[in-house]
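Trainee: Go ahead and model the full structure; you've got the sequences and the hints to work with.
There are 2 protein chains.
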Amino acid sequence: MTVDDYALTGNEKQGLYKAIFSRRDVRSHFVDKQIPNDVLARILNAAHHAPSVGFSQPWNFILIRDRLTRQKVKESFLRERERSTAMLDSDTDRQKKYSSLKLEGILESAVNICVTYDPTRFGPFVLGRTSIEETGVYSVACAVQNLWLAARAEGVGVGWVSILANSDLEKILAIPAHVKPVAYLCLGYVGEFSDRPDLERAGWLPRMGLSEVVCYEKWGSYDPSGIWSDFSDGVSKVNEKIHEDNI
Amino acid sequence: MTVDDYALTGNEKQGLYKAIFSRRDVRSHFVDKQIPNDVLARILNAAHHAPSVGFSQPWNFILIRDRLTRQKVKESFLRERERSTAMLDSDTDRQKKYSSLKLEGILESAVNICVTYDPTRFGPFVLGRTSIEETGVYSVACAVQNLWLAARAEGVGVGWVSILANSDLEKILAIPAHVKPVAYLCLGYVGEFSDRPDLERAGWLPRMGLSEVVCYEKWGSYDPSGIWSDFSDGVSKVNEKIHEDNI
Chain A
1 MTVDDYALTG
11 NEKQGLYKAI
21 FSRRDVRSHF
31 VDKQIPNDVL
41 ARILNAAHHA
51 PSVGFSQPWN
61 FILIRDRLTR
71 QKVKESFLRE
81 RERSTAMLDS
91 DTDRQKKYSS
101 LKLEGILESA
111 VNICVTYDPT
121 RFGPFVLGRT
131 SIEETGVYSV
141 ACAVQNLWLA
151 ARAEGVGVGW
161 VSILANSDLE
171 KILAIPAHVK
181 PVAYLCLGYV
191 GEFSDRPDLE
201 RAGWLPRMGL
211 SEVVCYEKWG
221 SYDPSGIWSD
231 FSDGVSKVNE
241 KIHEDNI
Chain B
1 MTVDDYALTG
11 NEKQGLYKAI
21 FSRRDVRSHF
31 VDKQIPNDVL
41 ARILNAAHHA
51 PSVGFSQPWN
61 FILIRDRLTR
71 QKVKESFLRE
81 RERSTAMLDS
91 DTDRQKKYSS
101 LKLEGILESA
111 VNICVTYDPT
121 RFGPFVLGRT
131 SIEETGVYSV
141 ACAVQNLWLA
151 ARAEGVGVGW
161 VSILANSDLE
171 KILAIPAHVK
181 PVAYLCLGYV
191 GEFSDRPDLE
201 RAGWLPRMGL
211 SEVVCYEKWG
221 SYDPSGIWSD
231 FSDGVSKVNE
241 KIHEDNI
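Chain order of the listed sequences is A and B.
Taking our numbering, I'd label the letters of the first sequence as residues 1 to 247.
Taking our numbering, I'd label the letters of the second sequence as residues 1 to 247.
Heads up, some of the hints might be wrong.
Identical chains blur together in the list; that is why a pair holds if it fits in one copy or across any two.
With a cut-off of at most 30 Å between alpha-carbon atoms, the simulated DSS-like pairs for lysine-lysine come out as follows [claimed, not checked]:
#1 K218 x K237
#2 K102 x K218
#3 K180 x K237
#4 K180 x K218
#5 K218 x K171
#6 K237 x K33
#7 K237 x K102
#8 K218 x K72
#9 K74 x K218
#10 K218 x K97
#11 K171 x K237
#12 K96 x K180
#13 K218 x K33
#14 K102 x K72
#15 K97 x K237
#16 K96 x K218
#17 K72 x K180
No wet-lab data here; the hints were simulated from the structure.
Mentor: So this is what it looks like as structure tokens:
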């Protein structure tokens, strides 16, 4: 076998890129339909196969359907949104726009999932976490991304609700002091996946060009030169392609 | 269109799952072959299309080929590994195993990428980051996972080197004080992708069962009952399937 044989086939590769480019943070368009057990299990299994520092697998997935629990989480959201709205008192245009955005689907979605980080798992010596402690929680964020992509592949929308107080989540979900809530997700089938992120469509912020976030050899060096001089072509081409295909 | 139409086709879905289950943290088996510009650009573009809190896109990707730079990073690794080896002085069996593991491919890989987090991007008010500050850095970790999966789809191996001092990286790569290094990645074509994670194969730690990380309605409640009573079937079935197919 040559090394190229390890690439996925054209169709398979297309599937991965389609999931990545058409994944959306969903807050609206949830429809009233349960997620079958096998579909939900596949989505969770994808999350569980994320990379983790020292193979520590430090995540838990709390599945929530209970109405009362969700109502309490929604109340936390409402309090936190009010607090953050006040931060924009000096910028009424942005404040008005912010207030008009739908930012969660806690009650309308089929299931909520709180993803947590347990730093004590297989510890205290976790291989590879001895120099940079945060790699533990980064592993959990990688698991969230796997979950999100698998859900997209299954036609299930996911919305990450970050306007919440972790202290509320800890109380509502009986999360012990040593465990950290990382993500609160709302999952459900949706009537549509938007062609662009909601915040881009609403004109909140623009999509940056790839060339604006790639540096060469050191931070802040955005101008490809030397061995990188022909690389900027690749970057601009792939950018155009995305805008053409809009996948 | 029915809501099911938003799912990927069978082949596309298979591609996403194949990337997720066969992705490996690669430290060995790098072969001497450059990554073509268009392939590297696609991998970076996948990373750039990760979710980000408030659409803040707070990442940068520093591409590193320079030999001297890599040599300095390797020296940081060697110092940090020595420090962490000493932590196992009271457990000589594990210490011996730890010392026998290959934990990085800094010099053998085709390119190194340092992924950083810039909390000032589009700030100071970042929508959705007002209650949980860490969601900014979680976005960057999600970008790393997109990068990793796209690389796998392209047949390119990725190894995350976490045994490094961030203070060394900041100095070597001229990263300013307000920017945080999140991941140091080594990319290259490989002679093989192992069927299981290296640390699982080496007997360092076992793969946990999915049912060990899924809780119902609140933290620590591992026993599905009530509306969840038929869900454990789904969990155990998907577990078996993974072990059979080994994808």
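Trainee: Indicate which option fits the pair K96, K180 if close means a Cα-Cα distance not exceeding 30 Å: within, between, both or neither.
Mentor: neither (33 Å within a copy, 32 Å between copies)
Trainee: Go through the copies and call it for K74 and K218: within, between, both or neither, with a Cα cutoff of 30 Å.
Mentor: For K74 and K218, the Cα distance is within 30 Å only across copies (16 Å; inside one copy 44 Å).
Trainee: Within a copy, between copies, both or neither: where do K102 and K72 come within 30 Å Cα-Cα?
Mentor: Within. Shortest intra-copy distance 18 Å satisfies the 30 Å Cα cut-off; inter-copy 48 Å does not.
Trainee: Classify it for me, K218 with K237: is the Cα-Cα distance of at most 30 Å met within a copy, between copies, both or neither?
Mentor: within (23 Å within a copy, 48 Å between copies)
Trainee: Can you tell me if K237 and K33 fall within 30 Å by alpha carbon in one copy, between copies, both or neither?
Mentor: Cα proximity of K237 and K33: across copies only (23 Å, versus 40 Å in one copy).
Trainee: At most 30 Å between CA atoms: does that hold for K218 and K72 within a copy, between copies, both, or neither?
Mentor: Result: close only across copies, 13 Å inter versus 47 Å intra.
Trainee: Have a look at K237 and K102 and pick one of within, between, both or neither, based on CA distance no larger than 30 Å.
Mentor: neither (34 Å within a copy, 37 Å between copies)
Trainee: Cα distance capped at 30 Å. Does K218 pair with K171 within a copy, between copies, both, or neither?
Mentor: between (44 Å within a copy, 10 Å between copies)
Trainee: Go through the copies and call it for K97 and K237: within, between, both or neither, with a Cα cutoff of 30 Å.
Mentor: neither (34 Å within a copy, 46 Å between copies)
Trainee: Is it within a copy, between copies, both, or neither that the alpha carbon of K180 lies no farther than 30 Å from that of K237?
Mentor: between (41 Å within a copy, 29 Å between copies)
Trainee: For the identical chains here, do K96 and K218 meet the 30 Å Cα criterion within one copy, between copies, both, or neither?
Mentor: neither (40 Å within a copy, 36 Å between copies)
Trainee: Between copies, within a copy, both or neither: which fits K102 and K218 at Cα up to 30 Å?
Mentor: Classified as between: cross-chain Cα gap 26 Å, same-chain 39 Å, threshold 30 Å.
Consistency with the previously given hints fails for numbers 7, 10, 11, 12, 15, 16, ordered from lowest to highest.
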